[in-house]
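Q: Residues per chain, in single letters:
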Amino acid sequence: MRELKYIEALNEALREEMERDEKVFILGEEVGALGGGFGATKGLLERFGTKRVLATPIAESGFTGLGIGAALTGLRPVVEIMYFDFITTAMDQVVNQAAKLKFMSGNTVEVPLVIRAPYGIGTREAAQHSQSLEAWFMHTPGLKVVMPASVYDAKGLLKTAIRDNDPVVFIENRKLYFKAEEVPEGEWLVPFGAAAVRCAGKDITVVALSGMVPKAIQAAESLNNEISVEVIDPRTLVPLDVETIASSVKKTGRLLITHEAPVRSGAGAEILRQVQERCFDWLDAPPVILGGLNTPIPFCPALEDVCVPQIPDIIARIREMAGRPPLGDTQLKSIGTT
Amino acid sequence: MNRDMAWRALEIMYRIRLFEEKGKAHYQQNRLAGNFLGAFHSYIGQEAVATGVSLALRNDDYVFSTHRGHGHALARGIAVKKVMAELRGKVDGCSRGRGGSMHLFDPALGFLGGNGIVGGGLPLALGTAYAAYYRGTDQITVCFFGDGAASQGTFHESLNMAVLWKLPVVFVCENNGYAVMTPVRETICIPHIADRAAAYGMQGYAVDGNDVGAVYQQAEEAVSRARQGAGPTLLECKTYRIDSHCMMLPEIRAEKELAEWKAQDPIARWEKYLADNRIADGDAREELRARVAAEIEDADRLADESQYPDAAEFLEEIKCAN
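Taken in order, these protein sequences are the chains called D and U.
Per this note's numbering, the first sequence starts with residue 136, numbered consecutively.
Per this note's numbering, the second sequence starts with residue 9, numbered consecutively.
No lab work stands behind these hints: they were computed from the structure.
Some clues are possibly wrong.
[Said to hold, decoys possible] Okay, the calculated beta carbon distance ranges per label pair:
| id | chain 1 | residue 1 | chain 2 | residue 2 | range |
| --- | --- | --- | --- | --- | --- |
| 1 | U | A206 | D | G184 | 30 to 36 Å |
| 2 | U | R309 | D | E322 | 53 to 59 Å |
| 3 | U | T190 | D | G184 | 43 to 49 Å |
| 4 | U | L296 | D | G184 | 28 to 34 Å |
| 5 | D | Q409 | U | K270 | 54 to 60 Å |
| 6 | U | A206 | D | R150 | 39 to 45 Å |
| 7 | D | L418 | U | E324 | 49 to 55 Å |
| 8 | U | M256 | D | R399 | 34 to 40 Å |
| 9 | U | E324 | D | Q409 | 52 to 58 Å |
[To be verified] Listed next, the stretches of chain U that the computed footprint assigns to chain D, with coverage defined by at least 3 CB atoms under 8 Å from CB atoms of chain D:
| id | stretch |
| --- | --- |
| 10 | 105–118 |
| 11 | 128–134 |
| 12 | 159–172 |
Cβ atoms here follow ideal geometry from the backbone N, Cα and C, with glycine treated the same way.
All chains should be modelled from the sequences, with the hints used to inform the complete structure.
A: Right, dumping it as C-alpha cells:
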C-alpha cells in the first residue's frame, strides 16, 4: 500500500491507459506544460508529446467536438473541461452530438469518448465555478455519468471510462483532488454500475454523492453509538446500481439521499424514484433528500457554506428520521467539523 | 474535369434531382393524407455543390453533412434505396430508421452524418481530420454547412483550430442565400463569407456553386492542399435553394428572384456545357436520365416494401444501452 492523492490517481490512470493503448489521447485547455487546470495531466506532455497531449484554445465547443469526431474514427480521446461549469459552452456537442450519434446512425458508429470535468463547491469561486450539474447529463440518454468519491475510485473508474465504448461524463471532485488515501500499487479497474457500501449499518441508509461521501461517513461515525448508519456511494449515476441501495433500504426502512446540487430536480429525486418503485412497502419513514439550496452559489464563505449540506445537517436529519432528539450546539461543536 | 468525370457529374446531378422530386412528391402526398413525416429539406438547385466536391474525394475520406443532406449522401455514393428507405423510417434505411432525413450515415464511406444542428458538424470535422494526422494517413475531411452556420460560434472555433494545427479539412460553405427564410444579406455584413478565411490565416475562395466544373476545380485544389499537409480551406459555393426551407413553411420569396435563379439551373447549365463540348448529345443525356429515373423508381418501390423497424427489438436495444 501507499499514499496517493485523488489528482495523482487520475494522472496515473491517464498515463497507464495512454501507455496501454495508442488510441488514447488527451486534449483541453492547459493540458500541456501546465499539466491541466489542477495537475491531472502533469508530465504527460513530456512523456507522450504534443500529438497525444493536445493543448487547445479556450473553445470548449470546438475541442469537445474534435474529441467526438476523433472518437468516431475509433480513437479514444479524453477531453478535459477545466471547470464543470464551462461545459455549458459545449452543450450542443455533448448533448446533441456525442450522446446521439451512435443512436441516430442506427448503431453504425460509436463514440468512445471521456469528458473529464471537475466540479466542486466550497472553494469560494462563486456562482460560475461551483456548480454540480450531474443531473443534466443523467437526464440525457446516450451518456454515462460517473462521480468518483475516493482516490481508489478516481483511478479505477477513469480507466474503465477510457475503455468504455460510449461517451462518459466523468465528474471529478475538485475539493477531494488533494486528499490522500492508502491505495494498492499497480493497476485496477472499478466497474460501472456497482455501488460501494462505505459504512455498514442497520438503522438508516444514506446515499451520498461524491463530495458528500466523506461527510456522510463522518456523520455516520459520530452517531455510531446511537444510530447505525449505512452509507452507500453509487459511484456511477448512469448506470445506477439501484439494487444495492434498495436492498439496504429493505434492511433499514429509512432512506436519506444527499448531494451538493440543488435539491430541485436533482440526482437524488431520480434515485429516490427508482428506490421507491422497489421498496415502498419497506419504508418506515418518508425518504428525505438533503441537497443544495435552490440558488446560485454566493462567493462569501459564510453564505456559501449554508448552500450545501454540512455534517451537522446530515446528523440532524438522520436523528430526526430515526426519532431521536436533536443535538445541542455544544454537542455539535464536539463533533468538530462542518 | 475530364470527359468521364464530366459525364459522371451529370449522372450524379440527375440522381439527386430525381431523388428529390420523388421524395418530395411522396412527402407531399403523405402530408395531404395526414401522415406527417417531419421535415423535407430539398437540395434542388444545389446539386452542383455536393457533386463537384464529392468528385474530388477519395473513398477513404470523411464527409460531414447537414440537415439538407440528401444530395451529399447520394453524391458520396450511398445507395439510393438506403437513403430513400431512411426517409420513410424503414429498417433498410442507412440509419435503420433511427435517423431519418437529417441523419443519414454510412461510416463505410466515411459519411459521418447529417446534422440537425446548424453548425454542429464543424467541430466534429476537426476530429476526423485530427485522427488522420494522428494515424499518419492522408485522408481528408469535408465539412458541408450553410450560410446560416457561418453565424454560429462553432464556425469561429473550428476554423481557428483547423488552421492552428494545419488540419486536412475543406470547409464547404453552401451559401444558398437563405437561413430558413432570412436572406443572407440580413445576417452577414460582407459580400463573401469566403473572405472571413483571411482572418484565420486560411485560404478562402468563393466559387459559382451552380457550375459543377468550377466547384470541382476549386474543391480539387483545396483537397490536394489538405492532402499534402498544407492545411484547411474555406470554400464558399454560391448557389440557391429553389424549394422552400423544409416544405412546412410558406414561400415568401419574390417570384422574380426565383425565376432568375431557375434560369441558372446547375443541371441545365451542365447539359449545355456537355453539348457545347461534344461530350454528350441530347439522346445520350435522355438515355442517362431515363436510366437514373428507373433506378429511383426501383428505390422508391424497395423503400415502400421495406418494413418498419421492429419496436420490440428497439426496446431491447435501448434497454441494453441503459
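Q: Could you work out which earlier hints the structure fails to respect and list their numbers in ascending sequence?
A: Per hint list: 4, 7 and 9 violated.
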